[in-house]
Amino acid sequence: MHFDLEERRGMQEIGQRLRNLPTQIAAPPAFAEFKRRKLARQARLQRFSNRTRLALAAAVAVIAVGATVIVSQLSSSQHTVAHLPVTPITQLAIKPALAGAEAAAARSAASEQWLAALPAEPVIVRVDTRAAVTNLEDRIAWIDDALTSIRAEGGEADRAHALQSERDRLIGTLVQVRYAETLVADLP
Amino acid sequence: MHAKYWLALLIAASLSMGAVRAAEDKSTSQADIEAQLKAAQQKLEDAAHEIAELSTRLGKPLVDRLMLMGEGPSRAVIGVQLDSKGGKDGAHVRDVSPGGPAAEAGIRSGDLIVSVNGSDVKAEHASTEVAHLVRNVEPNSKVKIRVLRDGKPLEFAVTARPLENPLDMPGMPPLPGMPPEIFGPGGIGSMHGSLAGMQLATLTPELGSYFGTDKGVLVLRASHNEAFNLQDGDVILSIDGREPTSGSHATRILASYQSGEKVKLQLMRQRKKMNIEVLVPDRHHSPSEPLAFEEHVED
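Protein sequences, first through last, are from chains Z and A.
Read in order, the letters of the first sequence correspond to residues 655 to 842 in this note's numbering.
Read in order, the letters of the second sequence correspond to residues 168 to 466 in this note's numbering.
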C-alpha cells in the first residue's frame with residue numbers, strides 16, 4: 655500500500671496553513687454568554703445540593719424526634735391501655751412485678767374495663783353462649799351483693815377475701831366467654 | 168377432513184369437561200371450608216361453655232359454705248358492691264357487677280348512693296341501709312336510685328333482678344357420673360341441649376314496624392330441635408307474662424324454667440298475635456321426640 659502523492663501534498667499544505675495561524679484566536683461571539691450560563695448552572699447545582707443536604711438533615715431530625723415521641727407515648731400508654739374502647743385481651747396482662755391479691759385486683763379491674771367497653775349483648779344473640787354469659791353475670795351479682803352484706807355487717811375478713819377472690823376468678827371467666835362470644839359473632 | 172373435525176370436537180369436549188370438573192372441585196372445596204368453619208365456630212362456642220361450666224363448678228363449694236352460714240342475697244339484687252366505710256353522705260359504690268341491673272341502668276363504681284326509692288341513706292352506716300332497702304324490693308320491680316357523681320345528683324331506674332339461692336341457680340351442668348337433678352333447673356347444660364342453635368335479636372323500631380309490633384324479641388333462628396315450638400321470624404312478646412326487653416333478657420327468662428314445666432308464650436307470627444303453651448323440653452331432648460303444645464291464634 656502506497657500513499658497517494660497528490661493527497662500527501664494536500665496534507666502538507668493544510669499543515670502549513672495551520673502553522674501559519676495566530677497562536678491565540680479570538681473567542682466566538684457567544685462564548686461570554688456560554689460561560690455566564692455555565693457558571694450560573696454550577697452555582698444553582700451547588701445551592702441545590704446544599705438545600706438537599708439541609709432538607710435531608712431536617713427530615714432525619716424530624717423522624718428521630720417523631721420516633722422518640724411515639725415510642726415514649728406507646729410505652730406510657732401501656733399503663734392506660736384498658737381505657738381504650740375495646741382492648742385486645744392479650745394486653746390485659748399484668749406486670750409480673752405485681753403479685754398475689756394486688757395482681758388479681760389489677761387484672762380484674764382491667765378485665766372489668768374491657769367488659770364495660772363491650773356492647774351489652776351482640777346484635778345477634780346466640781342463646782346457648784348467652785346463657786353461659788348471663789349465668790356468670792348473675793353469679794357475680796350474687797357475690798357482689800353478698801360482699802356488701804358481709805362488709806356492712808362487719809363479717810369476717812377472710813370470708814370477704816375468699817368471696818372477692820372468687821369474684822375476680824369469675825370476672826376472668828366472663829372475659830374469656832365474652833371474648834369467645836365476640837369472636838363467634840364476628841365470624842360469617 | 169372428517170378426522171380433523173372429530174379431533175377438534177374431542178379436544179373441545181375434553182377441555183369443557185376439565186373446566187366443569189375444576190369448577191366442581193372448587194365449589195366442593197369451598198363447601199368443605201364452610202363446613203370446617205362452622206365446625207370450628209361450634210367448637211369455640213363449646214369451649215366457652217366448658218370454661219363457664221368448669222369455672223362455676225370450681226366456685227360452688229365456697230358458695231355452698233357461705234349459704235350455710237346465712238350469707239348472700241335473699242330475693243333480688245341490683246348488682247353493686249358497696250364499701251363498708253361509706254360515710255354520712257351516702258353509700259360508696261365500690262364495684263358494679265358486669266351485666267348486672269345497676270350496670271345496665273348506668274350506675275358506675277365511685278358513685279355515691281344517696282337515696283333508694285325516695286328514702287335517704289345519708290346515715291352513719293349508709294351501705295347497710297342500702298343493702299336493707301334493696302333486700303325488700305320486689306324482684307323485677309324498678310328501684311329508683313339517686314346517686315352523686317362528682318358532686319352532681321343523678322337518678323337511675325334499676326330493675327331488681329331475681330336471684331335464687333345459688334344452690335338452685337341455673338347453670339350447673341351435669342357432672343360425669345352424677346344425676347343431673349342435683350344441679351338445679353335449666354342452666355347452661357340444659358340450655359345447650361334444649362335451645363342449641365337458637366338466635367335472637369332485640370327488636371328495633373324499624374324491625375318492629377316490619378313485624379307488626381313495637382316490642383318483643385325476634386327469633387332469627389329457632390333451636391335445632393324445635394324446642395318451645397318457635398319458628399324463624401317469630402317475635403316473642405311475652406313468656407308467662409314477662410315481656411323480654413332484649414335477647415339477654417329472653418335468655419335469662421327461658422333459662423329459669425325446669426324440664427317438664429309449662430310455659431305460656433305470646434308470639435307475633437306472620438303479623439298475627441298468638442298464644443302457645445309448651446312443655447319445657449328435657450335437656451337431652453331428642454329432635455325427633457314430639458313436643459306437647461297448644462296453640463291459640465288471637466284475632
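Just so you know, the hints here were simulated from the structure itself, not pulled from any lab data.
As the structure is a computational prediction, the values presented were derived from the model and not from experiment.
There may be inaccurate statements among the hints.
Unchecked claim - Computed far set for chain Z versus chain A, every beta-carbon distance over 12 Å:
1) G664
2) E667
3) R673
4) A684
5) E756
6) A757
7) S765
8) R780
9) N789
10) R793
11) L801
12) R821
13) E835
Unchecked claim - For each label pair, taking beta carbons as the anchor points, the in silico distance ranges come out as:
14) A:P306 to Z:H815: 47 to 53 Å
15) A:D213 to Z:A816: 26 to 32 Å
16) Z:T836 to A:D381: 28 to 34 Å
To be verified - 25 Å max Cα-Cα, derived SDA-like pairs, lysine to any residue:
17) A:K210 to Z:V838
18) A:K205 to A:R224
19) A:K255 to Z:L837
20) A:K227 to Z:V777
21) A:K210 to Z:D840
22) A:K319 to Z:Y833
23) A:K227 to Z:Y833
24) A:K382 to Z:A759
25) A:K289 to Z:E807
26) A:K210 to Z:L837
27) A:K210 to Z:R823
Think of the CB as a built atom: it goes at the ideal place given N, C-alpha and C, for glycine as much as any other residue.
Hints and how they fare:
| no. | hint | result |
| --- | --- | --- |
| 1 | G664 | 75 Å, holds |
| 2 | E667 | 80 Å, holds |
| 3 | R673 | 85 Å, holds |
| 4 | A684 | 72 Å, holds |
| 5 | E756 | 16 Å, holds |
| 6 | A757 | 17 Å, holds |
| 7 | S765 | 9 Å, violated |
| 8 | R780 | 6 Å, violated |
| 9 | N789 | 4 Å, violated |
| 10 | R793 | 7 Å, violated |
| 11 | L801 | 5 Å, violated |
| 12 | R821 | 8 Å, violated |
| 13 | E835 | 7 Å, violated |
| 14 | A:P306 to Z:H815: 47 to 53 Å | 29 Å, violated |
| 15 | A:D213 to Z:A816: 26 to 32 Å | 30 Å, holds |
| 16 | Z:T836 to A:D381: 28 to 34 Å | 29 Å, holds |
| 17 | A:K210 to Z:V838 | 10 Å, holds |
| 18 | A:K205 to A:R224 | 28 Å, violated |
| 19 | A:K255 to Z:L837 | 46 Å, violated |
| 20 | A:K227 to Z:V777 | 32 Å, violated |
| 21 | A:K210 to Z:D840 | 15 Å, holds |
| 22 | A:K319 to Z:Y833 | 35 Å, violated |
| 23 | A:K227 to Z:Y833 | 24 Å, holds |
| 24 | A:K382 to Z:A759 | 40 Å, violated |
| 25 | A:K289 to Z:E807 | 17 Å, holds |
| 26 | A:K210 to Z:L837 | 12 Å, holds |
| 27 | A:K210 to Z:R823 | 23 Å, holds |
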